[in-house]
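Trainee: Produce the complete structure using the sequences and hints provided.
Taken in sequence, the protein lines are chains L and C. Residue numbers for the first sequence follow our numbering, beginning at 1 and rising by one. Residue numbers for the second sequence follow our numbering, beginning at 1 and rising by one.
The reader is advised that the hints may include incorrect statements.
[Unchecked claim] Some but not every residue of chain C turned toward chain L, in silico, with C-beta under 8 Å:
id	residue
1	Leu111
2	Phe190
3	Tyr201
4	Gly252
These aren't lab readings, by the way, just hints derived from the structure by calculation. Just so you know, even glycine gets a beta-carbon here, dropped at the ideal spot from N, CA and C.
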Amino acid sequence: MKFSLQWLHRYVDLSDLLNDTEKVAELAERFTLSVAELEGYDQLGAELDTVIVARIESCEQHPNADRLRVCQVNDGSPEPRTIVCGAPNARPGLVTALALPGSKFNGFKIKVSKVRGVESCGMLCAPDELGLGEGHEGIWELPSDLTPGVKLSEVMPVRDTVFEVDNKSITHRPDLWGHYGIAREVAGLLQRELRPLDTEVTLGESPAASVNVTDHVACPRYCALKIEEVRVTASPLWMQVLLYRCETRAINNLVDTTNFVMLELGQPLHAFDAREIHGEEITVRRAVEGERVTTLDRQERILKSDDLLICDARRPVALAGVMGLENSEVRDDSTTLILEAANFTPEVVRRTAVRLGLRTEASSRFEKSLDPAYPKLGALRFVKLIQEMCPEARVASQLADSWPHPPAAVSVDTSVSYINHRLGTELSGEVVRGYLTSVSFTVEDLDGDKMKVGVPSFRATKDVSIQEDLVEEVGRLFGYDNITPSQPVVEIAKPYRHPMRTLQRKVRTVLSGGLSFFELRNYSFDSEPLLERIGRSEALALELKNPLSNEQRFLKTSLIPNMIAAIERSIAHCDELKVYEIGRVFEALSEGERIATPDRLPSQPFMLGGAIWRRAGQGAPQSSLAGQWGQSDRAYFELKGFTETLATQLNTTLDFKLTDGGQPVWMHPARCAQIFAADGSAIGYVGGLHPDVIENTSLGDYCALFELNLEVMNALNLSYGGYAEISRYPAISYDLSIIVPEAVSYDQLKTYINQAHKSWVRGVDCVSIYRGEPIPEGQKSVTVKIEFQNKSATLEMEQVNKVVDRLIKRLGQEVGGWIR
Amino acid sequence: MATLPVDELFELEASALEATDAAGELESLAEVEREYLGKKGSIRRQMRRLGQLDQSDRPAFGKAVNDVATRVEARLTERRASLKAAEREAALEAPNFDPTLPGITVGQGALHPLTLIDWRLDEIFRSMGFYVLDYPEVDSEYFNFEGLNIPADHPARDMQDTFWLTNGQLLRTHTSAGQVRTMREFAPPFKAIFPGRVFRYESTDASHDHTFHQVEGIYIDREVSVAHLISSMKTLLSEVFGREVKVRLRPGYFPFVEPGFELDISCLVCGGDGCSVCKQSGWVELLPCGLIHPNVLRAGGLDPDEWQGWAFGLGMSRLVMMRYQIEDIRHLLGGDVRFWSQFTGTGLE
Ligand SMILES: [Zn+2]
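Mentor: Put into structure tokens, the structure is as follows:
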């Protein structure tokens, strides 16, 4: 919201600030530190000192230009001044604004100059050229009673400072949505007197129109007045300029005065043309579901039953707190008005305004919980101002005022010591009471410490109700800068480590540090076009009610799709990529769960996703097993190796089993393993890309992905497994080639080997796999290196041979294994 | 005394010495040694002729053979030494070796810059006795709004445009959503921070994103004052920025604190003298904070007459951008390898 220094000056004497840049800067800083945030301020009009009132005495066609005229102008001096002017409305008798030669504004300088051969000694100006009003249809048409030669600044507030306050910072301060409230704060800050508002008016004798409010919760107070013999004219110049500077267009005295009172007090008013108001009773009621009305902006609105309407005897005439209706708008020939000044409940106005997308100056003020004392004050202010510009106007009636339940005065019990405790200050009672009374609180001193603080009605609607609020009042007026910082005395707390954060830190250390992965982070939404390309998980996704775009309306159920997109974005810039992300994924509860436990949050586990990609397998590591692998296999095994190392570094193990078909849709159905944690829980998948993904993306063959559930990992015991004493006895390394049917996995074989002797088998490694002559079709020869060691004695070869013989015999019996 | 049959011997010696001198490397030298001085070598074989000689000539011939063997041996030793020296000389050279060629690497990994800042905050705050926690991203209206003294229809809800889910829950708009959860989870007194991802329904540009990161700080104790808040924030922020900063509080409105503040820090660019970054004011707006509203304490199950607290919310994405001079916030969650690969280091300085 904008506010003007000249406007404030009407209520508190700021004459020493009006032309003093430094004092203005000081005030702006104090306001920011003690009241609310200023976005900034503009000092305006200082350059208009050489603009005066002038009257055109005669107008002649310019000899050399069709569109120009040569005017003789009375500038207050005996000699007429010649001005060349192109404005269509330049005419004899017109009083207007004249910028004298030497004036500089709007980035140009007025000089005595020849215009097409005729010397022009100044420029006649339009209001927008001077930054004092709207309209560029022609030069300014000023009131004809102004004296030529006087400075413009003597007939209107030309020089001003306009401040812009950050609306967010006054959301809780309904009193600051008008100049008078701001002036109250400024008066408090500068220790100056705040002048009372002049509301001395004479009301009429006739009974007020009756007001029938059917819902006092939605409309706590409704005031109405009938005003007669009003003449619609232009507002006085000072009002036009002040409104313009506060970004409100001047229209006519009726509209301008309602706006002026709103910007003065914060209280919105509405004027109806009495000719359009039927009957003698105004009714405030809820709308009927589906009821249609046309608002002042000529839009038809379909209402709901919680919208509130103002109605005459026949029909609705205003959408309460939001906007009047077209049918009863004041017009240029209106002479009798019904003035509405009411208080509506914020929630009601807000709901209607938000639903209709109709946030008006009025609605945004009602939303802030306005002072219910203001409607009457606003109505009387309106009358006072209208009578100043239109003395024949008179109030025909008494004030209709429906206010059945005025709120009780609010007071807060507190104490000087409490306020000092919360601020960390040692202010005296006198000082504390001084600050509170400077912004209109009343203070009843009970015993020098305890006090009863009366909250003024304009602060009592929502803003101030508890002791903490008074702490803020005293603190801000004292100046938080003046508080001496002090360290709290703190007990030694028991340390706490968040297990999930600790696990994530370990994972990141291993992957980014040891294993050279890049950590990336992606958005939490899935992209529909991407899912079209790579497939859609079966998980039940959470849907946004108000997505930013329809393409991103679901929360992601896996880290992988966005990771694929991130890799696609990257592969133009690298030849190989190892990436991972730690983040939450989201899965909706089933309908049944949701009904049974409505407060339960959906599952949102932390996952670890990872991927490896190489351009055509470039630089893939060597392995004795790799000879027979294609690119996709190699990618799978390279990535699997990383997950195994990660598990080792986390002090756990992972089991990889051929997937049974439950793998994610983007993974290859056969080149994929389901991963199980050390406690047997399913924890994730690792796999190559599905052929469809290879076809529909730019990733190519050498790419593999994994995703692990970190919540499952976090449930495991990840403590260090323990140190094993280094054996003094030599180990025996034994190479063995076993021929087994294809269906026997390496993992199975390894299990048999490990079981061959409980304590002597120290390690097993796969050396090579061979298929082909002379191995029969459907079988493979697996060469393994087994390390045997006895921790307490030297192992003899015969002992090892016996173990191996038993192993081969068992393999033969159980899986059809044999050796050549 | 008959003439000793030494001609052959001396010829052998001459050829042995010649072969020794001719050997260009240690291996051929060893060959020469074997050929002449080995058990079956030609010089050794001369000894066999002793039997054919007179008894009296034998010692002299034997001595002659030994002398030859000794001389050849000496020459071999000498030659061996010089060849070894030459070989070492050669080993000390590495022709065409360019130590500036790139090393063979396993590649370089990197943490995300948000992680780097997260870890740094984690270290600072934990060393000061704060818990570092984590709370859900999909949350209920209660924890994001109502529990924080922001009832339905409260104008403050406009300040944070919300992503709503079709099930009535929401994506948290601020990490403050964890405040009430913390109070319910931990027995006071305690202090905690909780960093994390938050969401706002708003259009994006280089300095705004619909998803960004914040860190919430909360402190609960029996006696908490504005003076404590100022002092604590000064200490904490000086650590975060790695240099002494001044802080200043201004009134700010947030329904979950009372009094509520906007906290400014002295401009890090000009140190407070005024520059274009701080619009000549010397101050930069950094974070909202305040004393926790009694309604929020109550929602957390704490008696406001017994327990008080302060809280702050710091824009972590903004901190990352300030620290690394990142020009576009959207790189943080939408970047590519050119972004991810830049952030080396451990976050612990
Ligand atoms: Zn600066």
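Trainee: Confirm or reject each hint.
Mentor: Structure-based check of all given hints:
no., hint, in the structure
1, Leu111, "holds (5 Å)"
2, Phe190, "holds (6 Å)"
3, Tyr201, "holds (6 Å)"
4, Gly252, "holds (6 Å)"
Hint compliance for this structure: no hint is broken.
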